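Q: Modelling step: build the complete structure from the supplied sequences, incorporating the hints.
Read top to bottom, the protein sequences are chains A and B. Numbering of the first sequence is given in the working numbering, commencing with residue 842 and proceeding in unit increments. Numbering of the second sequence is given in the working numbering, commencing with residue 739 and proceeding in unit increments.
The set of hints was computed from the structure by calculation and includes no laboratory data.
Keeping only pairs whose Cα atoms sit at most 30 Å apart, straight-line, the calculated DSSO-like set for lysine-lysine is:
1. A:Lys971 with B:Lys849
2. B:Lys775 with A:Lys971
3. A:Lys961 with B:Lys834
4. B:Lys834 with A:Lys915
5. A:Lys854 with A:Lys870
6. A:Lys890 with A:Lys961
7. A:Lys971 with A:Lys915
Far from chain A, some chain B residues (derived; all Cβ distances over 10 Å):
8. Gly755
9. Met764
10. Ser794
11. Asp810
These stretches of chain B come out as covered by chain A in the derived footprint (C-beta under 8 Å, 3 or more residues):
12. 824-836
13. 840-848
Note that the coordinates shown come from a computational prediction; the quantities given were computed from them, not determined experimentally. Cβ atoms here follow ideal geometry from the backbone N, Cα and C, with glycine treated the same way.
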Amino acid sequence: MTYDCSLVYVPQKEEEVADYDWANFPPSKVDSGRGSFTIIDECTGIDGKLITRNAFIHGQIDGLVFAENVTIEKTGRVRGVIFCRNLTVLGNVRANIVCDSIFVRSGGVLSAMLKYKNLKIEPGGSVGGKFERRLVIEGKSQPVTEQDDAAHRSARFR
Amino acid sequence: MVEKVAEQDSEGTIFIGAGVEFKGDMTVPGCASVDGKFEGVLKAKSLIVGQSGNVSGQISVETAEVRGTVGDHLTVQSKLIVRSTGSISGAVSYSKIMVEEGGELAGTIEKIAQSAADAKVVALKTGAE
Numbered sequence: 842m843t844y845d846c847s848l849v850y851v852p853q854k855e856e857e858v859a860d861y862d863w864a865n866f867p868p869s870k871v872d873s874g875r876g877s878f879t880i881i882d883e884c885t886g887i888d889g890k891l892i893t894r895n896a897f898i899h900g901q902i903d904g905l906v907f908a909e910n911v912t913i914e915k916t917g918r919v920r921g922v923i924f925c926r927n928l929t930v931l932g933n934v935r936a937n938i939v940c941d942s943i944f945v946r947s948g949g950v951l952s953a954m955l956k957y958k959n960l961k962i963e964p965g966g967s968v969g970g971k972f973e974r975r976l977v978i979e980g981k982s983q984p985v986t987e988q989d990d991a992a993h994r995s996a997r998f999r
Numbered sequence: 739m740v741e742k743v744a745e746q747d748s749e750g751t752i753f754i755g756a757g758v759e760f761k762g763d764m765t766v767p768g769c770a771s772v773d774g775k776f777e778g779v780l781k782a783k784s785l786i787v788g789q790s791g792n793v794s795g796q797i798s799v800e801t802a803e804v805r806g807t808v809g810d811h812l813t814v815q816s817k818l819i820v821r822s823t824g825s826i827s828g829a830v831s832y833s834k835i836m837v838e839e840g841g842e843l844a845g846t847i848e849k850i851a852q853s854a855a856d857a858k859v860v861a862l863k864t865g866a867e
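A: As structure tokens, then:
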């Protein structure tokens with residue numbers, strides 16, 4: 842099974858990401874339990890969009906990271922926007938982030954407009970910016986309006 | 739919690755028990771432990787906010803451990819620890835931070851260099867000086 846990366850609908854609003862149906866996230870469907878992952882190594886830079894299931898970023902990304910699980914390793918540097926489910930930061934991030942869980946490890950530097958459900962910061966982690974906690978209602982995000990919800994569902998795989 | 743305060747009896751401490759509400763300015767040379775409600779200006783060496791504690795206003799301390807709620811302005815010169823039941827909102831400045839899973843951090847978060855932190859916190863006047 843493959844998917845057309847250009848057809849993956851990238852949520853435009855944080856509500857859409859928080860309510861995102863990760864089971865239907867195209868890269869996760871392709872992966873189908875094999876545990877595939879992507880490594881952006883130290884000598885790699887991406888200027889644009891990275892859409893994948895599991896990403897380990899040792900290099901640099903300027904742009905969008907859209908993935909289920911993202912780990913920004915010690916040498917990793919991300920500037921831009923991160924939409925994900927679980928984010929781990931050991932490197933340097935300056936981004937607009939919407940995620941479910943974020944874990945800033947020792948040595949991680951985070952400067953962000955951050956919307957999260959669960960936050961954990963290890964001693965030695967450094968954070969700054971504007972933080973906002975999303976409401977967790979029975980595993981779902983804060984309610985979106987019916988209109989937003991309908992628009993989101995129809996546009997998901999546009 | 740009382741025992742924790744008592745451990746640091748070398749410097750003056752204050753304990754605001756659950757159900758106690760305090761409004762006003764306070765300078766504490768040692769530890770301020772709050773299980774009740776505090777509103778106002780607080781300068782202390784260390785701040786311990788219990789699970790039932792609620793602190794709001796202008797708070798500047800060297801170290802803070804939060805299990806309850808802290809609002810408005812919080813400046814922590816050294817280490818800020820947010821436990822799993824802790825919640826901090828507003829303008830937060832810190833030098834070192836640790837947040838346990840479940841802890842909440844909301845508002846404007848700023849890391850300050852140790853030297854800048856020293857300048858930001860007004861020196862405490864103790865009787866010994």
